[in-house]
Amino acid sequence: MGLVASFFGQLCGKEKKPEEERHLRANDRSFNLTYQYANNAIKTSKYNILTFLPRNLFEQFQRLANAYFLFLMILQVIPQVSSLSWFTTAVPLMFVLSITAVKDANDDINRHKSDNQVNNRIVNVLVDGKLKNEKWMNVQVGDIIKLENNQFVTADLLLLSSSEPLNLVYVETAELDGETNLKVKQALTVTGEMGDNIDALAGFNGEVRCEPPNNRLDKFTGTLSLNGQTAALDNDKVLLRGCTLRNTEWCFGLVIFGGPDTKLMQNSGKTTFKRTSIDHLMNVLVLCIFGFLASMCTFLAIGNAIWESREGSMFVAFLPLEKGVDSSLSSFLSFWSYIIVLNTLVPISLYVSVEIIRLGNSFFIDWDRKMYYPKSDTPAQARTTTLNEELGQIKYIFSDKTGTLTQNIMTFNKCSISGKAYGELFDFTGHRVEITEKTEKVDFSWNQLADPKFVFHDHRLLETVKEGNPDAQAFFRLLALCHTVMPDEKKEGELYYQAQSPDEGALVTAARNFGFVFRSRTPESITVVEMGKQVIYELLAVLDFNNVRKRMSVIVRSPEGKLTLFCKGADTIIFERLHPSCKKLVEVTNTHLSDYAGEGLRTLALAYKDLDESFMDEWKQRHHEASTALVEREEKLDELYEEIEKDLLLLGATAVEDKLQDGVPQTIEQLAKADIKIWVLTGDKQETAENIGYSCNMLREEMKEIFIVAANTAEGVKEELQNARRKMSSSSADKPSVIKARAGLFWLQKTETVQDEEVDGEYGLVINGHSLAFALEKDLQLELLRTACMCQTVICCRVTPLQKAQVVQLVKKYKQAVTLAIGDGANDVSMIKAAHIGVGISGQEGMQAVLSSDFSFAQFRYLQRLLLVHGRWSYLRMCKFLQYFFYKNFTFTFVHFWYAFFCGFSAQTVYDEWFITLYNLMYTALPVLGLSIFDQDVNDRWSFQYPQLYTPGQLNQYFSKKAFVRCMMKSCYSSLILFFIPWAAMHDTVRDDGKDIADYQSFALLAQTCLLIVMSIQLSLDTHYWTAVNQFFVWGSLAGYFAITFTMYSNGMFLIFTSAFPFIGTARNSLNQPNVWLTIFLTSLLCILPVVAFRFILIQLRPTINDKVRHKMRKEALPAPTKPVRVKRISTRRSGYAFSHSQGYGDLVTSRKFLLKIPVRTRPALFTETDSPLAQNQPQHYRTITEEPEGSQSP
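At position 850 of the sequence shown the residue is numbered 850 (the numbering used here), and the sequence of numbers has no breaks.
Rather than coming from a laboratory, the hints here were simulated on the basis of the structure. Careful, some of the hints might be misleading.
[To be verified] Derived lysine-lysine pairs resembling DSS-like cross-links, with alpha carbons at most 27 Å apart:
(1) K685 / K274
(2) K735 / K685
(3) K130 / K183
(4) K550 / K441
(5) K778 / K727
(6) K673 / K778
(7) K183 / K146
[Unchecked claim] Label pairs and their computed distance ranges (CB to CB):
(8) Q60 / T909: 28 to 38 Å
(9) E467 / R121: 53 to 63 Å
(10) N150 / S730: 49 to 59 Å
(11) K646 / A710: 21 to 31 Å
(12) A710 / R121: 23 to 33 Å
(13) D443 / A232: 23 to 33 Å
(14) E642 / G203: 46 to 56 Å
(15) V127 / E642: 19 to 29 Å
(16) R369 / K219: 24 to 34 Å
(17) A714 / N590: 14 to 24 Å
(18) V738 / V1029: 15 to 25 Å
Glycine included, C-beta positions come from ideal geometry on N, C-alpha and C.
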């Protein structure tokens, strides 16, 4: 009803004013309804029952050809003009419109189902003092709702209270920012005291004033007024729609924003009607053809007027004119008659065929077994059938990181302890052994508290620990003590860790399995089970992590009274603070770290220091003073931390793998060879994204420089971007070179293209979210685009979903290149909708991305097959189809034009009417469909072997306006041959029995037979990949033509349908004459020989990449499938302290109230779905996509 009211309000001129501030009162629906806030229902569909037909027809008639055929159908209803029946146009037009409408309706029904599924979810709402089950769509602003563990957050909520100590809740924000690590939110004390007291919550009447709906995920400002007091609200007090409640039994929240006003929906782009660049080009070409058709018809109409005035009077005796028709009116009518006769310049079968070809190529994607992922039983899916050929023209790929490039799985991979490396296996000769799934795993069954999902293969490490090696034990003791992880033990021995950072969780789990089990903690102590023995350490201080320190430390006292500082952090930071005695150990550890970094692992250095009791007492006193200082508190604490974190003793280093999806580096390398630029747009922090960039080979040591843009002001961002650009190209102009032009239908669309600039060498660019916000402003966006496009790799960190879409739109607007966006979470939806092609990965972050995508599959590595094989083939096939289709129809129509000079411009057709009807419908339809669905220039293996084959598609080399003009010129030449050679051969010719053969019907038969044979030969020359289907279509069409011709020209058909089949006996009288067959041979030779000669000379003088590869393919054997080779990257760069947890979490851990024991309460497991890859934590080994045995070539 709200939508209806809004609609009529707009009709009456009452347009809703933009909201400046949101004001709401808890538990008071009548008060809140006065502001007409949106309810919690969402709508992503385009149509409803009332709007479907008019809106869909409006969209379809945006295709100029559909509007043209409607106009043509109206013309054919007029008897004075029409020379063909109206249904010859009406039936195909209705067929095309119906097929497209059914497809669009099906797509929108799926969107409605998705909307209904979400809108009809159930949540507990506090109504009239009682908790009632309500559908999501009925939730209103100001309602108080109750959420339970693992439930999705219903709307944007102000957190009121929770089951956890200090009113904390844990949420997973994967749907918003792609991160699977848990975030902590905390309610205000004043609301937290209500707990789960329903009476107190029902009586809560606080008023909230806050910012209006917006798309800023990282910011919220507002106030809560209660009992005359006002409390400030920030982002930590708010739960956003799209999050999932984890490890929290229950919480209560007040709805602030609902449905379309939530930050998730504010970040979702609008569903747009996507059309390919070939669609746009065809619209322009069809417009040009209409102009050409009108000029031809005008010329012929003038010819008719001249002929009627000069010669027409001689024919009036036996061809009398209708009453009232003079030469001028005859000329006017002949204009419209020729419009109908020559309409085959753009036959409606063109659009029917295009839809069939796209559908066929979509099926090949759906059926491709090499893009099927058996572990999740997920095949590739072409969710849209109208964008296939666009896959062959991609220039820019915008990719999410988490879940798209990575698996969201962290594993403890290797370590270095006291200069000895662990984690790799060697045989008896000392050679490294590759670890596979069949490799024997370390048996941790001796440890009852071990995590059964943890996998490690190097037995030496466990033996070292069991032998009592003090360094090894100290190493794992540090990992068990120095962290901010919280344990949860549901049952005796069943431990679950709540880690804000997945890599920190991986390190604590490793310590757990090697005998140092972090069991529990209080604000003053940490309990660890060391090799089966419980040890309680007194926790004296946590020196917290921040982005400047890049390390964290804990100070503990052992039961024996020994004071120790344990520290872990980025190796460069730790090495600066080591005791000089560690010099030799640093050199050895450095070598190991370089090896780990070369494999893309995330490394940390570990160190410790024994402390003196008297020094510790003094330091603790100063620490207390600093922590309570009102001025320069942070600076004083940093000085104290620097003082105590000195002269450390190195223990070793860890290497954690942020597991990439299988084949990601190889896929990126292949796509780069195809001259496709990849930009990573991620919500992750900068350091994490950089690490993945190196792991994926997107950022490489060989690059001349990697620019970091991290300024916090617009001026600073501008300066950093300009400096980077000048370093890459010293001759770069201050102002960009922007070419303004016009494009689109009627050339109404204005385009601006920023020219590419020459760069010597390869560069990378990393820019964070704050800087990107400034760079996307109007006066800086061209500077960003220029600098970014000069780089081989661009990584944008900490970006919001809307910023992702803005980056895509910026490239679309100023580069005029085809873009593709790929992601797996709801935070990627706006980017997927903004790009020309949207690809969804069905991963661990829900199905939102897949539902909004055009294509979907399970693994990033399938992208190279989608583009380099299916995309390239689809584009090539579509271009061949268009060239051939325009050629055959222009040739067919131009013959009518030449014939007009011999029939008094009377709009008489040169061919038999049945041939005109069946030419596009039957005789030439199937052969060209066979070409357009099955043809391959090279097979899939050669496509992978030479990714450069992809480049012509990016440059529109196969079909463009120039190619169209060449096609017209070729058609003009062919039509001249096809008309005048048969005309000259038949003129004044007699049969071998002396009878006359030069009649209209014999000429028509000869002309149409020559035309069809030439078209079949031309199609055969264009076909590179012959299948049984192609052979059947070509030969079957020719055989069908002769069979139908002899049948229609037979005596029997003439006797039954005299007026419909007037060409009685023509076929048998003409086709038994040798001179007719000689004419057919001569005509075909003259049409085809120049084409063959031109192609031969072109291949010799200017061979394309396709010509070279096809030549190589004929000479050489099929390339073998590539074996999975582990490439070791030599690197001097270390991946730093890449933990994702936020500053200040150490204070929370040591809070006096933090771990208050609540009786009879269990906390559920961190990962409840034990069958998910994330829960199993199993390492997955890389397998190339070509490793499986090759069967028949899949199209």
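Outcome of the hint check:
In summary, the hint linking K685 to K274 is not supported, as the alpha carbons are separated by about 33 Å, beyond the 27 Å threshold. Our distance criterion of 27 Å between C-alpha atoms is broken by K735 and K685, whose separation comes to about 32 Å. The suggested pairing of K130 with K183 is violated, with an alpha-carbon distance near 30 Å, which exceeds 27 Å. Proximity of K550 to K441 is assessed by CA-CA distance (about 33 Å); at most 27 Å being required, the pair is judged violated.
For the suggested pair K778 and K727, the alpha carbons sit about 24 Å apart, so the restraint of at most 27 Å is met. With a C-alpha separation of about 33 Å, the suggested pairing of K673 with K778 is violated against the 27 Å cut-off. Of the pairs offered as hints, the one joining K183 and K146 holds, with about 19 Å between alpha carbons and a cut-off of 27 Å not exceeded. A beta carbon spacing of about 30 Å between Q60 and T909 agrees with the range 28 to 38 Å that was offered as a hint.
Distance hint check for E467 and R121: the Cβ-Cβ separation is about 56 Å, which falls inside the suggested range of 53 to 63 Å. Checked against the given bound of 49 to 59 Å, the beta carbons of N150 and S730, roughly 57 Å apart, stay inside it. Separation of K646 from A710 is about 29 Å and conforms to the stated range, judged on CB atoms against 21 to 31 Å. Between A710 and R121 the Cβ separation comes to about 40 Å, which falls outside the hinted range of 23 to 33 Å.
Checked against the given bound of 23 to 33 Å, the beta carbons of D443 and A232, roughly 55 Å apart, lie outside it. Range check, E642 to G203: about 52 Å between beta-carbon atoms, so the 46 to 56 Å window is met. For the hinted restraint 19 to 29 Å between V127 and E642, the CB-CB distance of approximately 57 Å leaves it violated. Between R369 and K219, the C-beta spacing of about 47 Å breaks the proposed range 24 to 34 Å.
For A714 paired with N590, a C-beta distance near 40 Å fails the hint of 14 to 24 Å. In this structure the hint that V738 and V1029 lie 15 to 25 Å apart at CB is violated, the actual value being about 49 Å.
Hints 1, 2, 3, 4, 6, 12, 13, 15, 16, 17, 18 from the earlier list are contradicted by this structure; the remaining hints agree with it.
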